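Next come the chains, spelled out residue by residue.
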Amino acid sequence: MGLDEAKLLIDGWVRREGSGRDRLLPLLHAVQDEIGYIDDTLVPAIAAALNLSRADVHGVLTFYHDYRRQPAGRHIVKLCRAESCQSRGGAAMEAAAAERLGVAMGETRRDGQVTLEPVYCLGLCAIGPNALVDGRPMARIDTAALDRIAAEVAA
Amino acid sequence: MTRVFISRDMASVALGADDVARAFADAGCEVVRTGSRGLFSIEPLVEIETAEGRIGYGPATPADVAAILDGSHPNRLGDIAALPFFAKQQRFTFARCGIVDPLSLADYAAHGGWIGLDIARAAEPQAVVDAVKASGLRGRGGAGFPTGIKWQTVLDAPNSPKYIVCNADEGDSGTFADRMLMEGDPYCLIEGMAIAAHAVGASHGYIYIRSEYPFAIDTMRDAIALSAGRIAPFTLEVRAGAGAYVCGEETALLDSIEGKRGQVRAKPPLPALAGLFGKPTVINNVLSLAAVPFILSEGADAYANVGFGRSRGTMPVQLAGNVKHGGLFEVGFGITLGELVNDIGGGTASGRPVRAAQVGGPLGAYFPPSMFDLPFDYEAFTQAGGLIGHAGITIFDDRVDMAHMARFAMEFCAAESCGKCTPCRIGSTRGVEIVDRIIAARETEPARTATQEGTLGKALYSRAPDRIDVSLGAQTTLLRDLCDTMKYGSLCALGGFTPYPVLSALDHFPEDFGAPAPALEAAE
Ligand SMILES: Cc1cc2nc3c(=O)[nH]c(=O)nc-3n(C[C@H](O)[C@H](O)[C@H](O)COP(=O)(O)O)c2cc1C
Ligand code: SF4
Ligand code: FES
Chain A
1 MGLDEAKLLI DGWVRREGSG RDRLLPLLHA VQDEIGYIDD TLVPAIAAAL NLSRADVHGV
61 LTFYHDYRRQ PAGRHIVKLC RAESCQSRGG AAMEAAAAER LGVAMGETRR DGQVTLEPVY
121 CLGLCAIGPN ALVDGRPMAR IDTAALDRIA AEVAA
Chain B
1 MTRVFISRDM ASVALGADDV ARAFADAGCE VVRTGSRGLF SIEPLVEIET AEGRIGYGPA
61 TPADVAAILD GSHPNRLGDI AALPFFAKQQ RFTFARCGIV DPLSLADYAA HGGWIGLDIA
121 RAAEPQAVVD AVKASGLRGR GGAGFPTGIK WQTVLDAPNS PKYIVCNADE GDSGTFADRM
181 LMEGDPYCLI EGMAIAAHAV GASHGYIYIR SEYPFAIDTM RDAIALSAGR IAPFTLEVRA
241 GAGAYVCGEE TALLDSIEGK RGQVRAKPPL PALAGLFGKP TVINNVLSLA AVPFILSEGA
301 DAYANVGFGR SRGTMPVQLA GNVKHGGLFE VGFGITLGEL VNDIGGGTAS GRPVRAAQVG
361 GPLGAYFPPS MFDLPFDYEA FTQAGGLIGH AGITIFDDRV DMAHMARFAM EFCAAESCGK
421 CTPCRIGSTR GVEIVDRIIA ARETEPARTA TQEGTLGKAL YSRAPDRIDV SLGAQTTLLR
481 DLCDTMKYGS LCALGGFTPY PVLSALDHFP EDFGAPAPAL EAAE
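Heads up: the protein sequence lines correspond to chains A and B, in order.
FYI, in the numbering used here the residues of the first sequence are 1 to 155.
FYI, in the numbering used here the residues of the second sequence are 1 to 524.
FYI, nobody ran anything at the bench for these hints, they're computed from the structure.
Computed from a predicted model, the values in this text were never measured in an experiment.
A few of these clues could be false.
Stated by the list, open to error - Simulated crosslink set (DSSO-like; lysine-lysine; CA at most 27 Å straight-line):
| # | chain 1 | residue 1 | chain 2 | residue 2 |
| --- | --- | --- | --- | --- |
| 1 | B | K260 | A | K7 |
| 2 | B | K324 | A | K78 |
| 3 | B | K487 | B | K420 |
| 4 | A | K78 | B | K267 |
| 5 | B | K133 | B | K267 |
| 6 | B | K487 | B | K267 |
| 7 | B | K260 | B | K420 |
| 8 | B | K88 | B | K324 |
| 9 | B | K279 | B | K133 |
Unchecked claim - Just so you have them, the derived chain B footprint on chain A, three or more residues with Cβ under 8 Å:
| # | segment |
| --- | --- |
| 10 | 19 to 30 |
| 11 | 123 to 129 |
Note that CB positions come from ideal geometry on N, CA and C, so glycine has one too.
With the hints as constraints, model all of the structure from the sequences given.
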């Protein structure tokens, strides 16, 4: 999406949803849902739309783990790293996922097919290790499950 | 047409419930998607409506449809409520969860819904606050502050408008009760918030849900739209979080709703007096608010008669981690940790011995089995150097390395620190480094002998790495010292309570830190 198009998106959203300060997080969510990430070049437009300073928007954007400032892969695999999943062998699956998906934790694969990210608890803590694959929850991740995920994200 | 009940809870779906539901629909059944009953070893669970009530089968796969429909399937469980895991519970808050269609207003009304709200609205606000006080309900988000007293402060606050904020950030590993309730019985939370609104004179409320809970966000939004007429003139909206654990802290959460960085505010002022947008605000956990409809409809005594010491009523305990029968177990306070882990949970899923249980999420202490006679009670846990928190219990078998868990606690604190105060922001990173040195030293140092404190030219910590005394004794001392600083020098419980998992690991499992095992266990 080009910059002009993105600006239209932002202005349209603000007209529908309001331009109060408390609209900042919902607007950032909306931009990311639509474009996939929040490019730094959009910060001035977002700041102007909500009547905030650029520094303010930048501060919020960088505070929250959810917001991406770079494009992600076509598929996003989030693997839980929190304690309950660790107690069920999560650390080994973390290593196995990096190996089978061919990408380090927190990175996007060179070919842009997949991003592997840590998540700290999905609230599925009795059936871990758990993952979200393109938003779909998956429980009891083992190496066979990782092979299926690797095949899925190859497409 | 046969009616079949299958959960649409995120955990059930993660275990394949959608495929099972589709298979039953394809076989011509009427499939009702419910919340989860709360026992994950039998999920995906299928319940068939019969003249004798619902008959459960689980776990089930799409291939099992025919055998389940003709009643021959070996995973037949019969009446789910009669299973020991459920028969032993006292479901006050989760009475409907897993049974009703979460978005059906007819189901909700047929199962006792809205009675509490009608009673509250017929009463004076002060009478409602008094009922909540009399019930003994304490905040289920972690701190255990009496809910009625918080509401009284907001009721008495002269400023307006007032807000009701529900804390549904549930970031603790090992917890999922908020999520299950929002997905399985959303009107219960909505009713609790509407009662709170009447009690303190608020007209608008927010439910702040972490972004990791997409199903709960959708269900709550739908439920709010469907019940808008029932709770009017009170209005509600959902706000999605953005992946920051610290936003579960109440003042950080308020800043986040306001569109700011989720940084912790110094108190005073209390949120009850100057909270959201500077206005008087009730902020409560999902489970605190969802307990209120029962208290109003059944009476404060019915709630307060259950419990232990100053912990009244029930707690939806969550059995998690390496546990055989994990899930949601709502029960009166006073049950022991050992009963929960061994009798209800059935020990580990791996079949190996239980070595540790972490209670209360990433800021909670690790307990060894020798302490499992602790009763589930706010005061008893505080006295034992831990906390109940949001009542998640994460179970570990004998393969756990407690030094790694201590390191993880520090790492998590470093990753999630809001950055406002130094002990937490910097201390957590230093903590990771210290535990790393301990892990390196325990492998090389045969056994701890005399400490090298005072060795000329050596320091506990220095910017010149070769001057640091990396011996186990020195680093362990330093770790305790750092925990002390974090505990007493942090603004909020993220920095202040991270020492709980670290020190409990060090105290109860010293052998993992290169020190001799505690005498008590060695003697056994
Ligand atoms: C770092 C941190 C995280 C917290 N996370 C949560 C949370 O996810 N949910 C919650 O209800 N309370 C959480 N709390 C506790 C809240 O600050 C607050 O005590 C609670 O929302 C009050 O509601 P209650 O009285 O109903 O428990 C957290 C506190 C801290 C310090
Ligand atoms: S203890 Fe940590 S999270 Fe809490 S206010 Fe201080 S820096 Fe922020
Ligand atoms: S710890 Fe992984 S889902 Fe909760």
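Would you mind confirming whether the straight-line C-alpha gap from K279 (chain B) to K133 (chain B) stays at or under 27 Å?
holds (23 Å)
Below or equal to 27 Å on CA atoms is what counts here, so check K260 (chain B) against K420 (chain B).
Given that 27 Å is the threshold and the Cα spacing comes to 14 Å, the pair holds.
Holds or violated: K260 (chain B) to K7 (chain A), with C-alpha atoms at most 27 Å apart:
Holds - the C-alpha atoms of K7 (chain A) and K260 (chain B) are around 22 Å apart, at most 27 Å.
Please verify whether K88 (chain B) and K324 (chain B) have alpha carbons no more than 27 Å apart.
holds (17 Å)
Three or more residues of the segment 19 to 30 of chain A near chain B by CB distance under 8 Å?
holds (count 9)
Is the Cα-Cα distance between K78 (chain A) and K267 (chain B) 27 Å or less?
violated (36 Å)
Please check whether the segment 123 to 129 of chain A has three or more residues whose CB lies within less than 8 Å of a CB on chain B.
holds (count 6)
Hey, K324 (chain B) versus K78 (chain A), does the alpha-carbon distance stay inside 27 Å?
holds (25 Å)
Would you check the hint for K487 (chain B) and K420 (chain B), treating anything up to 27 Å between C-alpha atoms as holding?
Holds, at about 15 Å.
Does the structure keep K487 (chain B) and K267 (chain B) at a Cα separation of 27 Å or less?
holds (17 Å)
Is the Cα-Cα distance between K133 (chain B) and K267 (chain B) 27 Å or less?
holds (24 Å)
The structure shown violates just one earlier hint, number 4.
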